[in-house]
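Based on the hints, put chain A in the right spot on chain X.
Here are the chains, one letter per residue:
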Amino acid sequence: MSDFSAEGGHGAVPVSDVPVRPESAHVRADWPLYEVFLRGKRGLNHVHVGSLHAADPQMALRHARDLYTRRNEGVSIWVVAAADITASSPDEKDPFFAPSGDKVYRHPTFYEIPDDVPHM
Amino acid sequence: MTEDEFAAYQSLAEETEDHRWAFGTGFTDPLEGIDPSVPDSIDAAALAAYCLMLGDDALIYSHRLQQWMTRLPELEEETALANIALDLLGQARMLLARAGQAEAAAGGTGRGEDQLAFFRDEHEFRNVRLAEHADADFAELTGRLLVFSAWRLALCTRLAGSADPVLAAIAAKSARELAYHRDYAAQWVVRLGDGTPLSHGKMQAALDAIWPLAGELFEPDPVTARLPEVAVDPADLRGEVDDVLGTVLAAATLDRPQAAPMARVAGGSGRDGVHTEPFGYLLAELQSLARAHPDATW
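Chains X and A, in that order, are what the protein sequence lines are.
Counted from 1, the first sequence has number 61 at position 61 by the working numbering; the numbering is strictly sequential.
Counted from 1, the second sequence has number 179 at position 179 by the working numbering; the numbering is strictly sequential.
Only chain X is shown next, with the shape it has when bound in the complex (with noise of 0.2 Å):
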């Protein structure tokens, strides 16, 4: 299950016998890898858009600043370290996602939507 992480933003990897987290210990050659999210102008949710190396998460957050949002996309970034989070398994794809395919009734389609509910 936690062999696998989102690392790089290109689906689940290996992450044993992978230095994913920054060790103060010692100098790092590389600094770690945060994932970076960020909220349209007229976007309603934050979106993954890519990764970056980072030392910490300040530095993260100004890398995304100068990175992601050069053309005027973004009013609010997260980031987050990417050892941090947890990816389902290309293993488990068949139990985890499957079950759902032949359950078309589970799509809110049967319902009318009144016209005062925005965002739908």
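Read the hints as simulated data drawn from the structure, not as lab findings.
Hints are supplied without guarantee of correctness; some may be wrong.
[To be verified] From the structure, some residues in chain A lie toward chain X, with a derived Cβ separation under 7 Å:
#1 Phe27
#2 Glu76
#3 Thr79
#4 Ala80
#5 Thr297
[What the hints assert, rightly or not] Far from chain A, some chain X residues (derived; all Cβ distances over 12 Å):
#6 Asp30
#7 Ala81
#8 Ala83
#9 Ser88
#10 Lys93
#11 Asp94
#12 Pro95
#13 Phe97
#14 Val104
#15 His107
#16 Glu112
#17 Asp115
What you are looking at is a predicted structure, and each value in this text was computed from that prediction instead of being measured.
Where a beta carbon is used, it is the ideal one built from N, C-alpha and C, also for glycine.
For chain A alone, coordinates are given in the frame of chain X:
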């Protein structure tokens, strides 16, 4: 839900007026709706010289930062500093364009921004010598950027109330950019100064090397006195800049250098067109392409 957890959701409740769902919208022009003619009450020739000074600071500093590209320790830092260099280049373009407009209003030829950037010689540049300094290492880069952006932010904050509406608009736009430059530089100076013994030593040495160049920032220049209500007396900036640098240096556990200001040469400094030796090489790199192909477009 704790206070901290709640803070993450607060931004979701912010209302925005932009109804397009797309990244990268809502761009603005800082000079939109501003009359570019020079008000009659302003000495246009002095305004041209003043804008040239401030434009040259940004142009030359930007070029020094660009020379760091491909040499920085991390890709992320490279992008950050490229952004800062581009911000300064943008400020330079607007200020040099304003210098050209004021020059025309004073009865001159009204040179364009490219003409001013690429076809003046060394003694015609009016930037402070701090702007042309070649950083020996990353510590010097961050220390110099801290001093420069703290000073320029103090200057632009005041210039935002200038009697020249165009200069005021450029300064207001620049101040927003410079606040980030100062923040970026300060967090690195603190990080290195309050880091390992090695990084502390390098940061202190960098400040010691930069400090003599800072004195010039607060010296009187040849044109400010001719522009009451338009320009800002450099001496007025010293208090705020000293405070900012004092706060950052204290957080970084660094000593304030006691170095004497760099001497003037034959009574002149950067504002008089007197520059350091490496400036000629910088200018050659900056200008050679435009001079080899004067009418080139791409």
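Structure-based check of each hint:
Given hint, A/Phe27 at the interface with chain X, holds; its Cβ is 6 Å from that chain's nearest Cβ, closer than 7 Å. The interface hint given for A/Glu76 holds, since its Cβ lies 4 Å from the closest Cβ of chain X, which is under the 7 Å cut-off. With 7 Å as the threshold, the beta carbon of A/Thr79 comes within range of chain X, its nearest partner Cβ sitting at about 5 Å, so the hint holds. Interface restraint check for A/Ala80: the shortest CB-CB distance to chain X comes to about 4 Å, inside 7 Å, so the restraint holds.
Because the beta carbon of A/Thr297 sits about 25 Å from the nearest beta carbon in chain X, more than 7 Å, this interface hint is broken. Not every CB of chain A lies more than 12 Å from the CB of X/Asp30, the least distance being 9 Å, so the non-interface label is violated. At roughly 15 Å, the least C-beta separation between X/Ala81 and chain A is larger than 12 Å, which holds for a residue marked as non-interface. Listed as a non-interface residue, X/Ala83 keeps its Cβ farther than 12 Å from every Cβ of chain A; the least gap is roughly 18 Å.
Non-interface call for X/Ser88 relative to chain A: holds, since the shortest CB-CB distance, roughly 23 Å, exceeds 12 Å. For X/Lys93, the non-interface assignment is confirmed: its Cβ lies about 30 Å from the closest Cβ of chain A, beyond the 12 Å cut-off. Even its closest Cβ contact with chain A, about 33 Å, leaves X/Asp94 beyond 12 Å, as expected for a residue assigned away from the interface. Residue-level check passed: X/Pro95 sits 31 Å from the nearest beta carbon of chain A, beyond 12 Å.
Annotated as non-interface, X/Phe97 keeps its C-beta farther than 12 Å from every C-beta of chain A; the closest such distance is 27 Å. At roughly 27 Å from the closest C-beta of chain A, the C-beta of X/Val104 stays outside 12 Å, upholding its exclusion from the interface. Once the 12 Å rule is applied to beta carbons, X/His107 is consistent with being away from chain A; the minimum gap is 22 Å. Against the 12 Å criterion, X/Glu112 stays outside the reach of chain A, whose nearest CB is about 24 Å from its own CB.
With a least CB separation of 18 Å from chain A, X/Asp115 remains clear of the 12 Å interface cut-off, as annotated.
Comparing the model with each numbered hint stated earlier shows that hints 5 and 6 do not hold.
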